[in-house]
Amino acid sequence: MDELEFVRRISCRDKNAWSQFVDRYSRLIYSYIFRTSRSIGVVFTPEDAQDLCHELFLLLAENDFAKLKTFKARNECRLATWLRQVTVNYVISYLRKTKPLLSLDEENSTGSSLHEFLQSNLKSARQNLADDELFLELKDCMLKLDPDELRLMELAYYQQATSRELELIFRLKRSALDMRKSRATAKLRDCMQGKGFMLDL
Amino acid sequence: MAGKLPKLLKMFYKKNGSCLKMPQGHPDEEILACFAQNLLSGPESLEVSSHLQSCSFCAEALLTQIRVVRGKNYNLPPEFRAKLKLIADSENGRLFEIILKNAEKIFELIYTNGQVLMGQEMIPMQGLRSRNIRDFKDSVLIVKDINNIRVEVKIDSCSCGCFNVTVSVRNKKTLKLLKDCRVSLIQSGAELESYVIDKTAVTFERVLLGKYSLEVSSQDSGLADISVDIKS
Chain L
1 MDELEFVRRI
11 SCRDKNAWSQ
21 FVDRYSRLIY
31 SYIFRTSRSI
41 GVVFTPEDAQ
51 DLCHELFLLL
61 AENDFAKLKT
71 FKARNECRLA
81 TWLRQVTVNY
91 VISYLRKTKP
101 LLSLDEENST
111 GSSLHEFLQS
121 NLKSARQNLA
131 DDELFLELKD
141 CMLKLDPDEL
151 RLMELAYYQQ
161 ATSRELELIF
171 RLKRSALDMR
181 KSRATAKLRD
191 CMQGKGFMLD
201 L
Chain V
1 MAGKLPKLLK
11 MFYKKNGSCL
21 KMPQGHPDEE
31 ILACFAQNLL
41 SGPESLEVSS
51 HLQSCSFCAE
61 ALLTQIRVVR
71 GKNYNLPPEF
81 RAKLKLIADS
91 ENGRLFEIIL
101 KNAEKIFELI
111 YTNGQVLMGQ
121 EMIPMQGLRS
131 RNIRDFKDSV
141 LIVKDINNIR
151 VEVKIDSCSC
161 GCFNVTVSVR
171 NKKTLKLLKD
181 CRVSLIQSGA
191 ELESYVIDKT
201 AVTFERVLLG
211 KYSLEVSSQD
221 SGLADISVDI
231 KS
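Heads up: the sequence lines are chains L and V, in that order. Residue numbers are given in my numbering: position 2 of the first sequence equals residue 2, and the series is strictly consecutive. Residue numbers are given in my numbering: position 62 of the second sequence equals residue 62, and the series is strictly consecutive.
It should be emphasised that the hints constitute simulated quantities derived from the structure, not laboratory data. Some clues are possibly wrong.
[To be verified] Below, in silico cross-link-like pairs of lysine to aspartate or glutamate (EDC-like), each with a Cα-Cα straight-line distance of 20 Å or less:
{"no.": "1", "chain 1": "V", "residue 1": "LYS14", "chain 2": "L", "residue 2": "ASP132"}
{"no.": "2", "chain 1": "V", "residue 1": "LYS199", "chain 2": "V", "residue 2": "ASP180"}
{"no.": "3", "chain 1": "V", "residue 1": "LYS85", "chain 2": "L", "residue 2": "ASP140"}
{"no.": "4", "chain 1": "V", "residue 1": "LYS85", "chain 2": "L", "residue 2": "GLU3"}
{"no.": "5", "chain 1": "V", "residue 1": "LYS10", "chain 2": "L", "residue 2": "GLU3"}
{"no.": "6", "chain 1": "V", "residue 1": "LYS83", "chain 2": "L", "residue 2": "GLU55"}
{"no.": "7", "chain 1": "V", "residue 1": "LYS172", "chain 2": "L", "residue 2": "GLU62"}
{"no.": "8", "chain 1": "V", "residue 1": "LYS101", "chain 2": "L", "residue 2": "GLU47"}
{"no.": "9", "chain 1": "V", "residue 1": "LYS14", "chain 2": "L", "residue 2": "GLU137"}
{"no.": "10", "chain 1": "V", "residue 1": "LYS85", "chain 2": "L", "residue 2": "GLU62"}
{"no.": "11", "chain 1": "V", "residue 1": "LYS7", "chain 2": "L", "residue 2": "ASP140"}
{"no.": "12", "chain 1": "V", "residue 1": "LYS10", "chain 2": "L", "residue 2": "GLU137"}
{"no.": "13", "chain 1": "V", "residue 1": "LYS72", "chain 2": "L", "residue 2": "ASP23"}
The structure presented is a predicted model; accordingly, all values stated were derived computationally and were not measured.
If we strip away everything but chain L, and leave its shape as in the complex, we get (with noise of 0.2 Å):
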């Protein structure tokens, strides 16, 4: 059957629509709760994915239905497809709000904290500068890039995409990436030393 024509009789209450959509796609959205959650560094247990995939039904449903019926099947876009996306959404969203902001102590992927880095190699800086100040210096030398330099730098190392990544998102080649991502660290690297900070690349 045609995905929007399915759709439409889920809006059009009927029972049987709406069962048939909870079996085919309750599974991959319990999945992509819990997948989308571990890729984020958060582990939650069945109560909780079961609650928000609960909400995320409700969401789907309330007012008519009104969310459910923004699936347009635009450019051929799949009805599988669309709630993957508002999954990730839905959870990235619930997690920005429950988040605690990191520490300075907080132990990071490496296994390192910021007070252990900047003690153990940036002698030079720690001396004249607090942390803070550290990260005020360098959103000031950041805030200098060009603007599709700036948002490259926040694409790599904010959201930390890979090269195949940010290839899709600046529909770009890869050479021309690396160039870029070359010349924006070069101008870095030159504004930061300017201020007092040796940063090799």
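Knowing the structure of chain L, use the given hints to seat chain V on it.
Frame of chain L; chain V shown alone:
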């Protein structure tokens, strides 16, 4: 000493978040999903690409989607799937569920899709779990917004092992109490008691342990379906 800047940048972003100003308006989920699968036309794709480069929220959503495409599948408990099927019956998310366990004047909140009022704060089920709050002494007040109304259900424990259930209804925006609403207590399809809210609330006294439905309706239509299950 090599690789110091990339490491510092990662720490910077982890602490400070994005440096970019969030653009106004975001592509919807369908557009993002199509972009990931190269299903958009050239101009549309460039527009989304430009947005993603400057919007950390959308970039994170897209990248996460790409990263979790492959992975383990998890099976739902059959009873949970059956519960999801009931959502459509509850008409526009009108179902307000409360499951409690009653023991010696202590209520253990097993599940609710409403929020528990604690002081001035309304806390959802996940929030209670993360704060390790489960038990309530003597009474619990649970609130749920349904369409234009806010339904409040207070459950008090009685000395006889039964409980009192009090239901009040407010306008969601003004929080003014609504009168002239009828609240009916139903068990296994049979109406046990039914009252009109003439002042502030309706209280059903000395209700025994068990599973009940509470129907809240105005003169014209049904407003909320409350399911209360109090186990021993």
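Outcome of the hint check:
At most 20 Å may separate the alpha-carbon atoms for a hinted pair to count; V:LYS14 and L:ASP132 meet this at roughly 13 Å. Simply put, V:LYS199 and V:ASP180 have alpha-carbon atoms about 9 Å apart, close enough for the 20 Å limit, and the pair holds. As the CA atoms of V:LYS85 and L:ASP140 are separated by approximately 53 Å, the hinted pair breaks the 20 Å bound. A distance of roughly 19 Å separates the Cα atoms of V:LYS85 and L:GLU3; the hinted pair therefore holds under the 20 Å criterion.
The straight-line distance between the Cα atoms of V:LYS10 and L:GLU3 is roughly 42 Å, outside the 20 Å bound, and the hint therefore fails. As the CA atoms of V:LYS83 and L:GLU55 are separated by approximately 12 Å, the hinted pair is consistent with the 20 Å bound. This hinted pair checks out: V:LYS172 and L:GLU62 have alpha carbons roughly 16 Å apart, not beyond 20 Å. Our distance criterion of 20 Å between C-alpha atoms is met by V:LYS101 and L:GLU47, whose separation comes to about 17 Å.
A C-alpha spacing of about 16 Å is found between V:LYS14 and L:GLU137, which places the hinted pair at or below 20 Å, so the restraint holds. Between V:LYS85 and L:GLU62 the alpha-carbon distance is near 14 Å, which keeps this suggested pair within the 20 Å criterion. For the hint linking V:LYS7 to L:ASP140, the alpha-carbon distance of about 18 Å falls within 20 Å, and the restraint holds. Pair hint V:LYS10 plus L:GLU137 holds up; C-alpha atoms about 15 Å apart against a cutoff of 20 Å.
Between the alpha carbons of V:LYS72 and L:ASP23 the distance comes to roughly 18 Å, so the proposed pair stays at or under 20 Å and holds.
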